Each structure stands twice: as C-alpha cells, then as structure tokens.
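K.L.:
Please model the entire structure based on the sequences and the hints provided.
Protein sequence lines, in the order shown, are assigned to chains A, B, C, D and E.
Quick note on numbering: the numbering used here labels position 467 of the first sequence as 467, and the sequence is numbered without any gaps.
Quick note on numbering: the numbering used here labels position 20 of the second sequence as 20, and the sequence is numbered without any gaps.
Quick note on numbering: the numbering used here labels position 334 of the third sequence as 334, and the sequence is numbered without any gaps.
Quick note on numbering: the numbering used here labels position 213 of the fourth sequence as 213, and the sequence is numbered without any gaps.
Quick note on numbering: the numbering used here labels position 50 of the fifth sequence as 50, and the sequence is numbered without any gaps.
Possibly wrong hints are sitting among the right ones.
[Unchecked claim] The calculated DSBU-like cross-link candidates involving lysine-lysine, where the alpha carbons are at most 35 Å apart (straight line), are: (1) Lys145/B - Lys314/E; (2) Lys196/A - Lys125/A; (3) Lys197/D - Lys142/E; (4) Lys232/A - Lys49/C; (5) Lys198/D - Lys264/C; (6) Lys196/D - Lys107/E; (7) Lys84/C - Lys49/C; (8) Lys115/A - Lys76/A; (9) Lys55/B - Lys264/C.
Calculated from the structure, these hints are not laboratory results.
Note that the coordinates shown come from a computational prediction; the quantities given were computed from them, not determined experimentally.
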Amino acid sequence: MKKLLTAFVGSLALASAPVAISAEATQSLKLAYDADPVTLDIHEQLSGGILQLSHMTFDPLLRWSNDLTFEPRLAKSWERIDENTMRFTLREGVTFHSGNALTSEDVRFTFERLKQSPDFKAIFKPFSELKVVDETTFDLITSEPYPLLLNAATYIFPMDKAFYSGNDKDGNAKAAISKQGSTFASRNQSGTGPFKVTSRQQGVKVEFERFADYWDTASPGNVGKISLTPIKENNTRVSALLSGGVDFIAPVPPTDLERIKNNPETSLVTMSGTRIILFHMNQKRFEPFQDVRVRQAVAYAINQEGIAAKIMKGFATPAAQLSPAGYQGHNDSLATRFDVAKAQALMKEAGYEDGFTITMMAPNNRYVNDDKIAQAVAAMLARINIKVDLKTLPKAQYWPEFDDRAADMMMIGWHADTEDSANFYEFLTMCPNSETGTGQYNAGNYCNPETDAMVDQANVETDLDKRAALLQDVEKRLYDDAAFVPLHWQDLAWASKGSVKIEPILNVMNFPYLGDLVVE
Amino acid sequence: MALLEVNNLDVRFAVRGGDLQALQSISFSLDKGERLGLVGESGAGKSVAAFSILKLIAQPGYIAGGEVLFEGRNLSAMSERELRQIRGNRIAMIFQDPMMTLNPVLTVGTQMVEALKAHRRISTRAARDIALKKLQKVSIPSPDKRLDQYPHELSGGMRQRVIIAIALLLDPDIIIADEPTTALDVTIQAEIMALLLALCEQDNVALMLITHDLGLVSQVTQRMLVMYSGRIIEQGPTKEIINDAQHPYTQGLINALPQMGEPGRRLYQIPGSMPSLSRIPPGCPFHPRCPFVTDECRQTMPEYVQSGNVDVACYEVSKLIEQENRAPEVTP
Amino acid sequence: MLAFLVQRISQALLVMFVISLISFSIQDGLGDPLQQMVGQSVSEAEREKIREELGLNDSFVVQYLRFAGQAVQGDLGTSYFYGKPTLEVIFEHLPATLELVIGASLIIGFLSVPIGVYAAIRPRAWLSKFFMGISTVGISIPVFLTAIVLIQLFSIGVTVNWFPPETGWGSWLNGLFSTEGGMPSYGRGDGLVHLFGTWHSGFFSSDGLRHLTLPAISLASIMLPLFIRLIRAEMMEVLQSDYIRYAQAKGLAPHRIHFLHALKNTMLPVITVGGVQLGIMVAYTILTETVFQWPGVGLMFLEAITRSDIPLIVSYLMVVGLIFVVTNTVVDLVYGLVNPTVKLTGKKA
Amino acid sequence: MTTATVSRWDRFRESFLWYSFKRDKIAIVSFVVFVAIVLAGVFAPLFAPADPYDLAQINIMNSELPPVWMAGGDAQFPLGTDAQGRDLLSTILYGTRVSLLIGFGAVLMQGALGILFGLLAGYLGGRVDAVLMRIADVQLSFSTLMVAIIVGAVFKASFGNLMFGEIAIYMLIVIIGIAEWPQIARTVRASVLAEKKKEYVDAAKVMGFGTNRIMFRHILPNTLSPIFVISTVQIANAIISEAALSFLGLGMPETQPSLGSLIKSGFDYIQSGSWWITLIPGLVLVVLVLVINLLGDWLRDMMNPRLYKG
Amino acid sequence: MTVQSAPLVDIRQLEKRFDLSGSFLEQLQFRNGRFTRHQEYVHAINGVDLQVHRGEALCVVGESGCGKSTVARTIMGLLTPSGGEVHYDGERIDQLNGREVLPYRRKMQMIFQNPYASLNPRMTIQQTLEEPVCFHHPAWSKAEVRDQVQDVMQSVGIDPDWGVRYAHEFSGGQRQRISIARALAVDPEFIVADEPISALDVSIQAQVLNLLMDAQESRGLTYLFITHDLAVVEHFGTRVAVMYLGTVCELADTKTLFASPRHPYTQALLSAIPRLEDDRPNHIRLHGEVSTPVNLPSGCVFHERCPYANERCKQEVPRLIGSDTGGQVACHAVQEGRL
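P.N.:
Okay, structure coming up:
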C-alpha cells in the first residue's frame, strides 16, 4: 500500500508542474481540516480557520511560541516608551506577494482596518492610535495602561496597503469589509506569508504555493505546495489519513487517537488546549440555582475526570476553573471536587433532597463530543435527584437558543482571544451588561460585583505579578461560589504521516506554522 | 398417414400440492387440408390441447405423456431448436385476441419480416415484398402503409387480418386458430371467418379451429371433437354430431342453444357447471351433471365406442349400441 | 405537445413557488445565520447592525417580496457563507453530484438490466435466487452502513487474523479475507478535467474515476436492488403476455424474443419509474456525499443547514424541485418517443 | 358470533395464504424473527436488564465495555456498554421499540393520508384527482431529509426546543408519514381506479348507496391487499428513513435512542475498536428490515405479483 | 304493434357524449400560427327514443360501441344524459338528486355482464344480499331481512346455507344467480340486464336465461335486455331494438324482426350469426369497419357500410318510421321502397 501511495503522491507532484519554488521547498502537502477558510479577507471573521489562514499567507508582528511567549516576526523588536505606548521596529526587506515592500504605513492601514472590522474591533478597543514614526518604526498607543498590548499585537497581520487601496472594477472599495456578498479582499490576497493562494474552490479545496520571496530564509520549511481539503465528517477525515489520501489532519476525534497512535505509518501530536468547556446554571430562570449550596451540589456531582477519561478518551484536561495552566489567572490550588455524597448532602441541606427537574441544552456539533458530554452530565446529575430534560441542537440552532438563555443549564466553550484569563471573566462570569458588553455569554446570570471590580482592576494593572495574584483570587472566589460548572479544557490533536514533522510547528492556539513545516 | 397425429397426450400443470391433469389421453388426427373443430366450454382444455401441439404450454404446464406426430416426426420429443423450424413455418397459430397478440411496440412490418427471416435466408427487402403480398391477400386496404404502422393504429378486424397474413406468410401446412373471432363483433366475425376459410381452401391448408361456438364449428369444419374436463368425450364428422349427438353432454350443449328452444319457453339446461381442474371427480367427469348416471360412471372413465362414424366415451351410449346389436338376435 | 409543455412549465413554477414560500416561512426555525458569520466575541450591537444590513429584521412579507422580486429576474439571492449568488454556488457543486448520479446510474444500468432479465427468464435458477436474495439484503442495509463498510474494506483495508497465519492454508485464508485498501475515500481527487463553465469532470482521469468508484457504488447500492426487482417483475409479466407466446409460435429465436419483444416492452415502465427515480436520486445523494465528503449539492445543502444559510437552502430546494419536474418531463418525452402507443398530452401515460 | 370467528379461523387455515406460508421456509423464519423482535421491543421493560432512560443507573465509568465474550467484558452487560456506560442490550431493546413505533406510526400516518387522498383522487377523479396527484408529485420531489428539515422547523416553532425529547417520536412519525404518503396514495388510487370500473361498484350505485358508503365500505376493503403489501415494505422503509435521519442528526435524541440514533452514536467508535456500539444495533436494524422486506416480498408474491410498479 | 297503456319506461331523444379532450390546456392546439380550441367527443348515443312497456322484455341488440350499454347505464342513472329525458312510470327521473331518486332505485334494478366483477369480493353472499334490503327498508327487523334474503336465494336456486361464503367460492353461473338475487332482493318491477349471459359458458347461459324467464313470470318483471347475441333475442325478447352507432335503426316485435328484417344492417346482422345449419347461408357481406363514434358520419350513420346507400343517405339522417310489417325502421331505402 505504501508503494502505491508514494507512486500516487509522486504522480501528483509531476502533474502539477512547479512554477518557481525555492530550492529546497519541493515537498507537497495534502492537508485536511474540518472546514476550509470562509473567506480570504482575514479581517472579515475572527475564527480559528481565518487565523490559521492568516498564519499561512500573512505574518503577524509577533506570534506565540510553543511555551506561550512572544516570538518576533515582522516586528523585529519592540520597547515600551511610556505607560500607554509601545514602539515597534519592522523587519527590513520584507515584501508582499504583490512585490511591494512592507512599511509602517501598511501596518497603520491594517490597524485602521482592524478597527473597522466588526469582529476584531473589540480586541482593538483599548487602542487609540497607531502612529507611524518612519518607514520601519511605529508606535502603538492605548488610551489607558493596557497589560495585554502584545497579546493584541499578535492579531496584526500587516496587509498590503497599495494592493488593497482604490476601487475594484465594480467600483467598490478594495478595502471594504462585508459579510454579505463578495468583496475584493475576500477574493484576493497580498500578504507577506510563506504561502500564496493559487486556487480556491470554496468548500472543496484551497491550493497554496510557497512564496518565492519569503523573507524568512532561516525557516526550515520545505513545503512547496499545500492543498487544503475540508472534510467535515470525523470518520472520513481519519480514513483519509489512514488510507494515505492526505498527509496531515486536524482536528483528530478523540475516539481515533489510539488507533492513529498505534499505526506505525502515522504520528499523533496532542496538546492540552486552552478552550474551557463549561455549563452555566441560570439563576434567573431557575430559582434554586440562586442558592450557593445547590450550585455547589451540582459542582460536586460532576465527575470531570470521568468525562475526560471516558468520553474524551483522555483528550481533555479536567478543569476546576476557567484559566488553563500558563494563563495568569490559573490557580494551582483549585482541584476538581467530584463527591456524590457531599453533593447529596448539600442538596439535602438546601432542602432539595428529592431533587427537581431542570432543562439543559447543548450543541451537538460545536465542541468535541459536546452532546455526549451533556448526556454524561445529565446522568451524573440524576445521581443527586436532579432530573434533566436534555436537548442537543446543531450549532446553528443552538446559538439563538443560547442568546435567549432558553434552558436552565447551557453549555459553552470559550477560548480567550487574548490568551488571557480576564477575557474569560469578561464574557462568561461578569454581570451581564448590554452597555459595556460584559457578561455577553454569561448564561448563568451569575453576578458578583466584587469579582467584577477585581477584573476591572486587573485590566489596567501592568505589573504582571500583581495582576496574576488578582486574577487567581478571582478564580478562587468563583470556584468557592460555584459560579459555573467547569468540565475540562479541550485538548488539541493533530495527526500526520510519519514523514511529516508536525510537532515543532504546533501550538496551543491551534495555528500550525506551516511555513516552517518539514516533510521528509 | 395423417398430417398430424396426436396420440394419448397427457398434459399436467405442476402446482403446489401436486399435479393437475389438464389433458388426459387425448388422441386425434388431422389430414392435409382438413378442417377440424375443437369444441368445449372454458376450462375444458381445448386451448391447452392447441398449445401443447407446438409445445407452447406456459410454465407450470408440461407434457406428461403421449406423442404428437407431425409428418411422422414426434414433436413432443424434439429439441427447442428443431421445434422452432416447425413453429410458424409448417404449423402456424392464430390467437384469440388480436389486441394482445401483436407486440404493441413493434411495427406490423417488423413483426412480419422477422417471422420470414426466422425461417428463410432472405433479405429484408424480399421479406417485405412477401409480407406486402400476403397483406394484399387478406384484403387489407393500402397494405404498403400498414407495414410501417403500429398495431394500435389498426382496428380489431384489421389486426386479425394481419395475424392471418402472418399465419400464411410461410405457407404452412396447418393453421391452429384458437378462438380467432371471439373478440370481434358479429359482422366482422363473419368476414374474418369467411376469409380464413377461403384462404385455407385455396391453399389446401389444414385448419384446426378451437371455439366454444357450435354454430361456427357446424359451418366451418368437417370433423369435430368435443372436450370436457380435459378429455375428448366425442369426436367424428361435424354433421353427424350436430344432427345426432351421442354423448349426453354434447346433446345438452346443443339443446341448450336458444335457437333450439321455442321462443319464450324454458330452454333445455344442463344442471351444475364444469368442475375446475383441481376438482375433477373420479370416473366420467360429466357424471355429476349427467341424467343417465350410473355407479359405473362414478368409478371409471368409459372407453370410446363407435356409433356410426362417431367415437363416444359414454356407458349409456355403449349400452344402447349393445342393445341395438343384440336386437336382431332377439327379434324373431 | 404544446399543452404538455405549458402544463409542465406551470407545474414547475408552482412547485418552485410553493417551495420558496415554505422555506421562507420556516427560516426562523433553521437557526441564526449570524452565528456562523461573526466571531464569538462580537458584541450584540454589532450583530444588530449586520442583521439590519442583511435585511434579516424585516417582516416575513417584506423579505419574501424582496426575494420574489429578485427571483423573477433570475436572482435567487446571495449565500451568506459563500458570499456569491446562490445559483452560482449551486452550479459549482452540481457537476459533482451529477457525476455521482451518472456514475451510479451507469452501474445500475449495466447491472440491473442483465440481472433483472436473467432473473426473469430463469426464475428458478439458483443464480437468480442468489441475485434476488442479495437485492433484498441490499435494500435492507442503510446506505451509510454500506458506505462505511466499503471505506473500511477498500480504503483502509482489513487485515484478517482469524486463521493461524503460520500455516500455509491459514495465511492463504487470511489473505483471502483481508483487503488491500487504498481506494480514495473522500472528495473527487486532483485529476479533474475542466470541461466548461464551472464543470470539472472526474470522468476523464484515472484518479477521478478512482475517487468516483466507492461513492458511486454506495449510491447505487440502494437503487440497484429496486431496479433489478422492477425489471424482473416487469419482464416476468411481459413474458406472460400473449404476444410473447405468439412470438414463440412464430418460431423466433429466444434471444430475439427476450431481448427485442420482451425487453422493449419491459423497458417502457422501467423508463417511467426509473427515470423519475434517477431524478429523485439527485436529492438523495446527501447521505453518500456526507460520508464520502463528496463536494456536491447534497453536502453543500447539509452544510448550508448547519450554517443557516437560508438563501442557499431556499435556492437548493427550488433547484431540486425544478430538476424533479424537468426529469419527469424528459422521462415522459422519452417515454412518448419510445412507446408508439402514447400520444403526448398533459395526461400521465 | 363465536362460530363465525371459528369458521373464519378455519377458513384462514384452509386458505392459500396459510398453505403457502407453511411451505415457505423463508417466510416462516422471517415471521418468527419478526415476531421475536417485535415482542422483544414491545416488552423491552420486562426483558431489559437495565432502564436506559433512567440516567441515575448509568455510570460513565462503565462506558465502552466490550460484550461479555470478549476480554474485558462484564457479565452485568451482556452486549457491552455504549459510550455513556449504558447497557447495550437494554438500549437496543428500547431502541428497537422506538424504531418499531416510528415504523408503524409513520406507516399508519402514511396510510391514513394515503388512503384518504388515494380514495378521493381515484374515486372522485377529475379536478380533485388532478390537484391531489399534483400535490403528491410535488411532495415526491422532496427527499425525506428535506421534509424532516421543514417539519422539524415547524415543530420547533410550535413547541419550542425544550419539548423536543417528548415530541421527537411524533415528529419523526409525522415527517416520515408526510414524506411517504404519496407512495400509498398512488397505490390506493391505482387500485381504486381499477376497482371503480368493476361492476360491483355500479351495482352499489344502482342500489342507491351514497358516495361515502361506496368508497369506504365497498371499494376500500378491496384495495386493502395492495395497501397491506406496500405498507409492509413501507414499514421497513420508514425504519431505514428514521435511521438515516438519525445518522444526519435529525432523528431521535440520544437520551431516547432508536436503533438509528444508536448506530449514529456508536459511529465515532467504529474505527477505534468499540465496534459493538454500532455494529450490534446495526445488525439488529438490518435483520429487522430484512425480515420485514422478506415478509413483504412473500406477501406480494401471494397477493399480487404486479404491485411493485410504483 | 299495438299501443297499450302508458309505457313503464320512456326515454326521449336521449343523448350521451363523452368528452375526450381533457382539460382546457389540452384542448388548445397551435395551428397555422393561431391557438384554437379543439374538443373531441365520443357520441355514444344520439337521440334515442324507446318505450318499455310493463311486462315485456325489450331487447336491445347491436355490436360493441353501438351505445346499447350506454342506454342501459343512462336509464339506471349511472351516467347523466347529455340531452333528452328519462321517464319512469310517468315521472321524469334523470334530473333527480340522490335522495329523490331513492324510491326508483328500489323499483329499477340492474344485472351486469361480468359475474366475476359484479360481486364485491370482500363481502359474503349474505352481506351482499342483506345490505340493499337493510338500506331500502331501514325499519325492517333483522329477522325480516333474513327471511327476505332467504326467499330470494331460494328463488334463484342458491342454497341459503352458502350465505357465509365469499363470491370467489362460486362458479360463474352461480355468481350470476347471486347477482340476480341481489337485484331481486329489493323487489323491483323493472330490471335492466346488461349482457347478463355473454360471459358465461353455453351450458350455463341456458340456466341463467331460464332463471330470468322464471323470475319474469313469477314476479311480473319488465326487462330491458341488452345483448349482442341475436339467438338469445329471438328466444327471450318480446320486442327488439337494433342499434348502430348510437341510434336505433330498427324496432319491431321479435317475430316480425326475425321473419322479415327491413333495415340493411339488421339483415346483415341476422345473416352473420353462425347457426347450427347444414347449409351455409349467403352472408350479406358488409364492407369496411364499424366507424368510430368519435367522428360520426354525416347523414345515416350506416351509409358507409350500406350496400344500398345513395346521396341522400350521406346527407340526411333517416327517422324511425313505421314500416309495413308493423315495426319501425330508420332507413331511406326502406321508406323510398328501394329495399
């Protein structure tokens, strides 16, 4: 079979005659994700898929390394000038795919565009201005001291100002961002990244070719061509890898981890992730949840280890809090607390020995094994006489229900765009406030002004140690208050053929740095 | 030697729960140019008899015994390939319903030409010419047009003419016509029958006419057989049987005709009805309806006896004949 | 003929009108398209703005009238997800589905006729019984199970160790039951040849054909038994008819009787039923396309549903309805051409 | 009255149907298997070792145990457990019940719609016929899946999402009923058209009987045998349709699984070693559908070999 | 023929057309650049006048498609006439609604051609016979109904014990008896028999004919007897009406008609029946086929096949006029004395 396969791949490489690929970048890679990028405009939508695309065809100013530190990319250095200002220096000799050279003006153009983007403007809200100092130097200025300035800067993938300016042949501005209909930017790209899109059939295939003038000549990457096929069905995606149809797949469903690991021809990389999966307990809909003992009882009744081990096949890290390890808010002292007896006692104490019936909703195609997790949770709650009326929905229908807070317990998974704990609290636990936008996803209607104040304070605290202490305290208080039921952080997994060395290019943000990928 | 000779032909239907005897020891013969009538009510086995001559009985039916000799050759022992040389070529058939007999999706021409080509090495053009001639022979108006028409574009009478033309295509020795006019209107019936008769006489073709219509048989055939429950109960010259039927069944059949009764008065009637194949009683199958029934009739099937030129299978008749034969001795 | 076409066209319009009305009226039940279009942390105010831009806040009547007004001009709206006119999206995906359907139809055509005819001519032969048995089992297995089994056997391969591998016969038997795998299990492959417009075909390259094989087989697996049974039943009935006996009485050779006289009459009802079934097949490829990740309209539709891409859903339903009416019409026309006894009117034959 | 029933029973025993049934091994085996599955489904609460609907009995730690004959099996779970730790045997028994319920329910619904519309269209003819059959045509151009989406949305709009667990089964019945009624309506219409021409209908008219009496008392009973045959096949089809819908995530919720949703829920595990979660219910489904189809074939052969024309 | 009292059944200028052309859309045709509406009808009966007198058996003969069954079915209300009137016992009945017509349903009954189709296969004989009795006599007790049914079964020679059986358990002749019993069960005075014996075997035909005659005698029935078999007519009928393409071409007493047929078609018909005779009679050969009732010929409907047709026959429709033999004939040749 292997022989067949190599012949197969070989013939492919021949068929698609290379145009101009740097000396060693001759390998081709067939990649299967669960979805392909929705658009080529990297500012149209803030999603994993678009960020993955951004890392292929663009380069950020700086990027996260494997150990959650910052690695300079297009910005070769940065220094804090004052409380509100950070000065960046751009790398020299970087060109866009169009051949234009990268300058500070391009960065400013990109920054302005980000502030226009409905999806990204929230991240850049703390920033007041990007001031161009000279061709390669610019200042990034916030209105208040902002501890997460560099985190946000990882979202700046400079775009080719000259390329994206002016009008297209229909008379529409090339820089326009629109969710409806196609725009110039959604069809065309000019970035500085290692790959250029050569052809794209949405929902079917995207093909990339290595950018011959890529600035990072130090990169070990030797992949000249990539074709990305979306395969939504888990089984089919895994089959495609096992049958040799593709070289690299993500995500890998937990059920197949074992099999891929044991297959001598494939290799598997897993990482504990940062996306927390949790249930909110809606105090507004269901009065007993206002009683902290009831909330605690629920928290005690849930066996996070069991879910992680059995349903997630060990492909999740049981969670007792929101912040994953490595985040500033992560509090080591908090542990999962599965104890049915204790939970029953708490229920009794709260006067609900005989239990009650609640409604529960979860998506069934959003998170890994989301529906199965919800079922397991429902079963666990049955042990303390809480009868659960569970409904799982496809994500398209789930979110409207979620917005309506339609059930007493609702599942959500959250990944902090800023890779910072405060982001969790702002969206998931702070008192819902439509003006400030906090608590937008707080489906528990949990409201604790004390912790909210602490989070606000942390958001302007630039002393990282102090800030960490503050956030960890928030985490502890939420834990004691059983503000929600954390389940686990969903792990990440990628699988490839043995010859594709994916391990070095992967990170917890799930942005494979494919430019650096080595294929043997 | 007769052209066609059927000897002790047994036909059975293999159905769940055992075989049904559809024909029992049928024997008759047909001479060149002779016209033979096969009469009986539905279910008597007359069509089965016709079809088993060419071994064309449908699936569950099979020939269980006896022989069919055509010019001395046993048809029932022939291979399919050999039989195909006979079918349509030496012995042609005309079916009851002209609507159902012609293939609805093939033109008249195709269906005529293929019959010719199946038996003769002949070009399509030549075959068409022959077909055209035969169509003229059965007096079909504008025959050249008909060749390219589909069966549904013709009227019933016209279709039966086409079928007669097909039967005559290869100048056969025998035409077996299974109720050829039953599906047609009275006036058309008369026309078709007259045509068939004329053509048979003209070419000296033997005709085996299967019908339930005693009037038709009496007018067309020279000899006739009467069938009941798969047996031939009476056979002989048509005139003799019509004028002086021997078997009680034949008598009843003739007397039950409205024209035999006095208008407005009750008709002669045979009680009961013919049993289905699965319920044929032992002995003479007619005995439950027979006015002359005896114990003998209930037990064994009577042998044929000769009365004049007529063969009859009936104990009553044989008794009468015996009495007649004995009579001269008794009279002083 | 004219009346026939007028009637069919009005029927098509009616179908499309009904479908569009139904699908519009249920759009709220299909979910909120916005969730798929914006990132999670986008604020409610921003969302409201986009909704307003998309016209999602207008009343049903206003939305429908706007849609209908554009539809009359041939514009069925713009897909939220693809950002392109829905018809364009559908026509991009349609070739894949059509090729799958054509592939399956070829399999069905080449297998069902000989098997059906054989089973009708020799109903008692063990081979007929075997085929009929297989076809009964065939219709009893859901297509997604068939598909998975096919992938397991022919894409991934199965290694069997049921027999002692150290013995000669054991390893031979193990080898017999093991499969090599290697057949492509997803997508259409790289060997697509551009034909015209948005039509890329996999028929002209070995890679394309290899990719087509398993999906086409699994799609054919549901319809093939139906066709075999249909042809067998029709043929058996035709074989009972007088004109077949008459053909025998004419002394024709069996092959002419079976393959001209009988088969031609058999195929008439098969054309009607079969043609309609093939039309329906376009709508029934969804399961197969899902399992094999075949980038056709079925998969596109399913994804449109998960994304609440309402314009695309509506257009898909309308196009499928149209395809159904068109195939019906074509089938009736073909039937009218093949069957000399039918005069084309609006009436069903 | 008892004598009448006895004689009816005798009549049945003398009938061709019974006779050919006795002689047809496949029919007997199919019937026995079918009855066994139906009984097992109907009396699932009696046979099942556990109640899969009772979440309190489920322990996640017992998940994915293999059947008892394999290494690691537990005698408590004869056929192993699913991914939630439910006893697979019990779940299959309950799932069979749900599948059968949907199968029969959907066919009842199809039957009600199909018979009514088929009778009206066939007997009244003319405009009524044209309109009803056009609706049937349009209906047929939708696959079951599309109907599922539409009906699902309507149900959701009327009952909200939370009721889903309770109404899912009725919803599926309605979906499959609506999606497939034209099949029955066409069969009924075809046989009504044939029956209508028969003289006993004229005889009834000449007697002065009303339209309803003629349609329901005289014609309907004579169309029953084709309806019966097609219904058998339709039950099998309905069960498969339900499985297909469940496979696409539009069927029964996994808390009250049908055979289809059981197969789907185990689907993720089929390649990872826990094959029993999918394959055992899959086998039950295939066997169930197969025996129904075999019985349908047999019935069709007995009653009317012409039926399969659609 | 002497005119007695008022006729029991009187049909006047009865017409029946069947529309062949389908819906409006299907009628549209595109010809010579213009849309035209094109309609096609089957003219099944065209102005038929017939009187059936109490106690007689009026036979209607003709070939298939001549409209004889249509006449029967129109009288019985199974078809609504396109024109003309049907009177029963002096009352016009063709326009009555379902309720008003009920009393006549009891008085007028019908026997059908095909004994295999005229009995409901899903009903026992008992049910088949009881249903109409119950329906028309809602006040009767169960016992009364049963008695009535038993009487009628006995009168047609069916063992009342067979009532629990279904129709398929009987032979064709027995079924036709049951069918007659059903008609008799409601004590009718007028019976339309539509080819009641043509599907039966010869030996059975006599049985059924005898039964019908017995019933006429014992119950004083009046028959309208539809058949294509002239021999039966000769035996059974009081008077005969010969139909061709939807019109009556000759009407006479049976004896008169058979003794001296006047209309050329009647003559041809009579000569066409094969009779048990030794000598072959001279057939009057008709040329051509029966025209279709879709495109009716102008003038006399028979002129295309008539050996005596002249120009007038092609133009003018002949009317039914009394002839010298006492019957009525619709023929120009007869009236002109050419024949």
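K.L.:
All hints are to be evaluated individually against the structure, with a verdict given for each.
P.N.:
Structure-based check of all given hints:
Between lysine 145/B and lysine 314/E, the direct Cα distance comes to roughly 28 Å. Compliance with the 35 Å bound is thereby established for this hinted pair. About 31 Å separates the Cα atoms of lysine 196/A and lysine 125/A, which keeps this hinted pair within 35 Å; it holds. Between lysine 197/D and lysine 142/E, the direct Cα distance comes to roughly 32 Å. Compliance with the 35 Å bound is thereby established for this hinted pair. Using a Cα cut-off of 35 Å, the hinted pair lysine 232/A and lysine 49/C holds, with the two alpha carbons roughly 31 Å apart.
Our distance criterion of 35 Å between C-alpha atoms is met by lysine 198/D and lysine 264/C, whose separation comes to about 30 Å. Between lysine 196/D and lysine 107/E the alpha-carbon distance is near 24 Å, which keeps this suggested pair within the 35 Å criterion. Taking the CA atoms of lysine 84/C and lysine 49/C, the gap is near 21 Å; set against the 35 Å cutoff, the hint holds. Pair hint lysine 115/A plus lysine 76/A holds up; C-alpha atoms about 24 Å apart against a cutoff of 35 Å.
Simply put, lysine 55/B and lysine 264/C have alpha-carbon atoms about 25 Å apart, close enough for the 35 Å limit, and the pair holds.
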